[in-house]
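Residue numbers (this note's numbering), protein chains in the order written: chain C, 1 to 322; chain B, 323 to 773.
Calculated from the structure, these hints are not laboratory results.
Accuracy of the hints is not assured; some may be wrong.
Counterexamples of contact, computed for chain C against chain B with all Cβ distances above 10 Å [to be verified]: (1) A26; (2) P37; (3) V71; (4) M113; (5) R175; (6) R233.
Pairwise CB distance ranges, derived in the manner of DEER restraints [what the hints assert, rightly or not]: (7) B:A589 x C:S79: 55 to 61 Å; (8) B:E581 x C:R154: 38 to 44 Å; (9) B:E581 x C:D206: 46 to 52 Å; (10) C:S79 x B:V549: 38 to 44 Å; (11) C:E234 x B:A701: 36 to 42 Å; (12) C:T202 x B:V353: 25 to 31 Å; (13) C:G256 x B:E478: 37 to 43 Å; (14) B:Q630 x C:G119: 40 to 46 Å; (15) B:G685 x C:A200: 38 to 44 Å; (16) C:R154 x B:G590: 55 to 61 Å; (17) B:S627 x C:D206: 30 to 36 Å; (18) B:Q630 x C:A200: 25 to 31 Å.
Predicted model, so just to flag it, every value in this text is computed and none were measured.
For every residue, glycine included, the Cβ atom is placed at its ideal position computed from N, Cα and C.
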Amino acid sequence: MKNLLGIEEIDRAEIEAILDRADSFAEVGRRDIKKVPTLRGRTVVTLFYEASTRTSSSFELAAKRLSADLVSVKASGSSVDKGESLKDTVATLSAYDPAAIVIRHPYAGAAQMVAGWTGAAVVNAGDGKHEHPSQALLDVYTLRRRLGSLEGRRIWIVGDVLHSRVARSNLIAFRRMGAEVTLCGPPTLIPRGIEELGCAVTHSLDRVEEADVVYALRMQLERMDDKFVPSLREYAAAFQIDTRRLGPRQLLMHPGPVNRGVEISGEAIDSPQSLIGEQVAAGLVVRMAILYELLAGRPERPTAIADGAAAEAGTPTIGQPA
Amino acid sequence: MSAQNLTELLDVRAGRPADLVLRRATLLDPVAGIDGVHDLVIRAGRIAELTAPGEADATDVEELDAEGLHAFPAFFDPHVHLRTPGQEHKEDVETGTRAAAAGGFCGIIAMANTSPPISTGADVAALREQARAQASVPVGFTATVTAGMEGEELTEMVELREAGAIAFSDDGLPIRSARIMRRALQYQRLCGGTIALHEEDPELSAGGVMHEGAVSAAVGLAGIPSVSESTMIARDAALAAYEGARIHVQHLSAAESVEVVRAAKAAGVRISAEASPHHLCLTDEEVRSLDPGRFKMNPPLRHESDRQALIAALRDGTIECIATDHAPHHLDEKEMPFEQAAMGVTGLETAFAALHTELVLPGVIDLALLVERLAGGAAPFDVPRPTLAPGAEANVALCDLGAEWTVGEDGYESRSSNSWCEGRTLTGRVLVTVAAGQVAYRLRSFSLGVA
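Work out the full structure: start from the sequences and follow the hints.
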């Protein structure tokens, strides 16, 4: 794997390899000294054209935990403000010969274009409404730890699917891991034709008790140049996940940041069913695993990584505490 | 009194009238009923005669061995963006008409959405003068329907026609207001001239960058629904019927639009329609690549069922002509993420070869239909149809239907390289174009071969 541009282009075995690697980093994270020398001397650039807390901080910390040199570029306050094109910015940063460029961009396909302009490995940290593969991987990781396997599990993704790259990447990833996915939201927020990706679509929470996992999406008010729902109050009345709608054996997830009281009620966020905190913790180890797979992994990853012996044999390469 | 020669309505750089014999060419002019192997004799820029193969007298004239090659009436493209004035870094009259000639076109109509738009008689006069100095093939210039393409008030349509505007169009933008649209149709009675329409309801298409459907849902790009096109065509067909006016619908892309045009024609509305090679050959599946250079345009590439509807309409005459919507853009405006990149692809140099490769060779349409529709854009603009009939002004495209070539390999005549065919291997190539009685183009390797 040279780049991580989308979940669309990686198969189940590759997903599982990254998750297995993340498991071993979780073990490192329990040590007193959480840093390993794996990427010492290599440079990771994060290039964020959009606001981010979770994704940028976890990629940055992941690079540091792996001992990489880190350059963080944000669109505001950089030459991007002066009108530099994406291509020229990437050429400039590539002159430092980075091992990886982690990019978030407001438009679809940006990461893929960057991959064509640089020799560095490119990680898509979100491109427009297209994909957010590291989010999907950390969500699958979180669920795998809680449920063992996603095979046959029923997952409902609820809310603003239209503006959500998380919905798209997660839909693909959940299905690839064997889960059945239902999308739920008002018709104005469900893109026409999305059922062709192999999911069910419903416009009501009436049967949400069927779900093993309820994945609530953020109402992306910042991406809406128009009113897609008559009011947030009415939207919340029909589509909010609250503790009345959420059964005791159902799990609740959300990619963050939450609009409290809109897509999820405050009590539901803090309920025992909520995995939201675990998702954030998973973000760090999964992003370490992604950087590791792209940069430190052998040119050809062993095909047998999924079986016990090979996975175990893989662990020592992470190295000793630095 | 209708025009006999292209140059009565269009402007071209004056050159030497051609004297040429195409020896043993396979001629095909479905409208004139010409189909067979002949010597085609051009003298003083006119089709002098068609003789039995090998019989023509070639004394004192150039002779081309055209055995195994096809000669068609040259093509006419009613929808080209020459980007002049204001965006000469994308294209100008010289490069754009050279691209047209290389594609076998003997005439084109240039759109008025330049920078600034062509809204005054002086603008039209200046462009016509430029064409007389630079154009390889005859060009007609449209003027905008509304001043500055702002959609607020009509241009001085009568004066624009007197200055030589061939037609009117706000192409690039729809005419949002039904009231303004109606006034333009009323004014047409005074000044004549087709009104060519880019049909799109901006309320429905706002923010969209590709066809709305399963692919846009999958890649997370905002969609342009097909009904944003068809509802506007329905509006304007109703207005044209009410005013007894005449409209030409540009770049039809959706099955719903085909239905509206078909119904309007059946009801007697004076409406004509065009489709572009890219809409006839490609679908929105291409956009999965997220490559704006080849696959971002407006109207967008649509579903396979839309493509099939366009092909059916081309066959039954609901769509009477093929128009390239040649829309050159500089690389800098295309080398950016899909949503940000400019809309449009070039098409003049590849139209015939692409349609021959994608539709004729697989047996979807026959060669005669393609040849007929590639010149079908003349009639809606009152331009005389190119023909091989003896006596006519010579407008001839000589093609090698077996030649394979890779698009872009030898660069482009156009100043821009945003061809939707970039990198494709096509079968069929234009070797020589005669436009308005002058040799406008020769493929270099071919002309060297016969020298």
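Hint check results:
no. : hint                        : in the structure
1   : A26                         : 31 Å, holds
2   : P37                         : 36 Å, holds
3   : V71                         : 22 Å, holds
4   : M113                        : 6 Å, violated
5   : R175                        : 12 Å, holds
6   : R233                        : 25 Å, holds
7   : B:A589 x C:S79: 55 to 61 Å  : 59 Å, holds
8   : B:E581 x C:R154: 38 to 44 Å : 41 Å, holds
9   : B:E581 x C:D206: 46 to 52 Å : 37 Å, violated
10  : C:S79 x B:V549: 38 to 44 Å  : 42 Å, holds
11  : C:E234 x B:A701: 36 to 42 Å : 55 Å, violated
12  : C:T202 x B:V353: 25 to 31 Å : 56 Å, violated
13  : C:G256 x B:E478: 37 to 43 Å : 59 Å, violated
14  : B:Q630 x C:G119: 40 to 46 Å : 43 Å, holds
15  : B:G685 x C:A200: 38 to 44 Å : 40 Å, holds
16  : C:R154 x B:G590: 55 to 61 Å : 57 Å, holds
17  : B:S627 x C:D206: 30 to 36 Å : 34 Å, holds
18  : B:Q630 x C:A200: 25 to 31 Å : 29 Å, holds
Taken one by one, the earlier hints fail for this structure at numbers 4, 9, 11, 12, 13, listed in ascending order.
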